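Participant: So you can see what is in the structure, the chains are spelled out below.
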Amino acid sequence: MTSAPKLRIATTSLAGCFGCHTSFLDIDERLLDLVEVVEFDRSPFTDIKHCGPCDIGIIEGGVCNAENVHVLREFRDNCKVLVAIGACAINGGLPAERNHLDLQDILIEVYQTGPSLDAEHAQIPNDPELPLLLDKVRPIREVVQVDYFLDGCPPSGDAIWKFLTDLLAGKTPSLPYPLRHFD
Amino acid sequence: MSKTFLLDGRPVPFEDGQSVLAAARKAGHYIPHLCWYGHFPPHGSCKLCVVKIGARHVSACATPAREGLEAESEIPEILDTRRELLAMLFAEGNHFCPSCEKSGNCQLQALAYDLQLLAPIHNRFFPDRPVDASHPDILLDFNRCIFCELCVRASRDVDGKDIFALSERGIDKHLVVKAESGRLGDTDIALSDLAANICPVGVILHKRQGFAVPIGSRIYDAAPISELDLADEEASK
Chain L
1 MTSAPKLRIA TTSLAGCFGC HTSFLDIDER LLDLVEVVEF DRSPFTDIKH
51 CGPCDIGIIE GGVCNAENVH VLREFRDNCK VLVAIGACAI NGGLPAERNH
101 LDLQDILIEV YQTGPSLDAE HAQIPNDPEL PLLLDKVRPI REVVQVDYFL
151 DGCPPSGDAI WKFLTDLLAG KTPSLPYPLR HFD
Chain U
1 MSKTFLLDGR PVPFEDGQSV LAAARKAGHY IPHLCWYGHF PPHGSCKLCV
51 VKIGARHVSA CATPAREGLE AESEIPEILD TRRELLAMLF AEGNHFCPSC
101 EKSGNCQLQA LAYDLQLLAP IHNRFFPDRP VDASHPDILL DFNRCIFCEL
151 CVRASRDVDG KDIFALSERG IDKHLVVKAE SGRLGDTDIA LSDLAANICP
201 VGVILHKRQG FAVPIGSRIY DAAPISELDL ADEEASK
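Quick mapping for you: the protein sequence lines, in order, are chains L and U. Per my numbering, the very first residue in the first sequence carries number 1; after that it's consecutive. Per my numbering, the very first residue in the second sequence carries number 1; after that it's consecutive.
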């Protein structure tokens, strides 16, 4: 008997806290059932650095810098289905709380003039390796087409499991009432 | 024999002077609402209670029930309209649920869950709306205001203090405090005022009580607002 080829899943965290990935691991022993039918491409779980052709891409976090834009576009280009997971990917979340402030003012206060900083010598980091910040943090749907949204901060392991099993079964993911959470 | 109208084909009894929304609710049929409060005259601003009567969309809270009227509520066209209205409210303000003390007890959030508005439709406005923490017991977070005017009406008509108002129009509309300084700390609002307890979202908050109830035990964690609203109606009979 030949088994069906495994679906490939890629995941990444952009301007997020990795809480959604941590919650992903909260599906616990169901991970063993999951890896029977999927394999992971680029993901913090595999440490693969670039995304190849995939069936499902899962994005945690919003878009706060130039690197986020590149990674997000790489995922969109390679994934048949793109999923925004968690408040930050869906709405900008906590990082987007800076959006009503001027970016330069934030950098000056955080790195130069804030409490306990040496205002005369402290510098705003400007290493060319650092990705440039965007003036506003954006939900990922404002940059690329997103196919599905999984709410929560983070979504629970049970919500992630229900969402994934629906998706893997070829159904539109549908969460019963108690699993719907914006927090 | 009592008079009836039809809601989604089901007969709903009513008394003269009752609105479509109030009669439906009394008969155990939920029509979503945010700015409606049974003890106040209808306001008709949130439009969540939109129903279709004939070819027209009308607010069920402001439409008197009448014999033979046929209203449609749970139809795709109306449900989509309600989701669109909710999506616009979410896009216009700063509704960051994970940091909001009202999360789990918020009617805007509960309606989004119940109507399955689980993804944004519009790009966010990210408005700049500073909070007012000047009062010792009450915090105002204007980021979440949906302009239902429940606090305005409660303060003016029940508390007799007339502390809140909406200022300007259209996209510039915003909630203001009627004090010389514009600060809540310079008013005589009290925690026991109806205005301090009527906000359906997370604008008017009691200080030092945030996050007291764990996730899972909050009002809308286990049961949808449609069920709980009808239970409230049943309990008030």
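It should be emphasised that the hints constitute simulated quantities derived from the structure, not laboratory data. Bear in mind the structure is a predicted one, so any value in this text is a computation, not a measurement. Mixed in with the good hints, there may be bad ones.
Where chain L lies over chain U, by a calculated footprint (3+ residues, C-beta under 8 Å) [what the hints assert, rightly or not]:
| hint | stretch |
| --- | --- |
| 1 | 106–117 |
| 2 | 162–174 |
Some chain L residues close to chain U (C-beta under 8 Å, calculated; not the full set) [stated by the list, open to error]:
| hint | residue |
| --- | --- |
| 3 | Phe-18 |
| 4 | Gly-92 |
| 5 | Ala-96 |
| 6 | Gln-104 |
| 7 | Lys-136 |
We treat Cβ as the ideally placed atom computed from N, Cα and C, and that holds for glycine.
Participant: Give a verdict on every hint.
Facilitator: Verification of the hints:
| no. | hint | in the structure |
| --- | --- | --- |
| 1 | 106–117 | holds (count 5) |
| 2 | 162–174 | violated (count 0) |
| 3 | Phe-18 | violated, 15 Å |
| 4 | Gly-92 | holds, 7 Å |
| 5 | Ala-96 | holds, 7 Å |
| 6 | Gln-104 | violated, 16 Å |
| 7 | Lys-136 | holds, 7 Å |
When held up to the earlier numbered hints, the structure conflicts with 2, 3 and 6 and fits the remainder.
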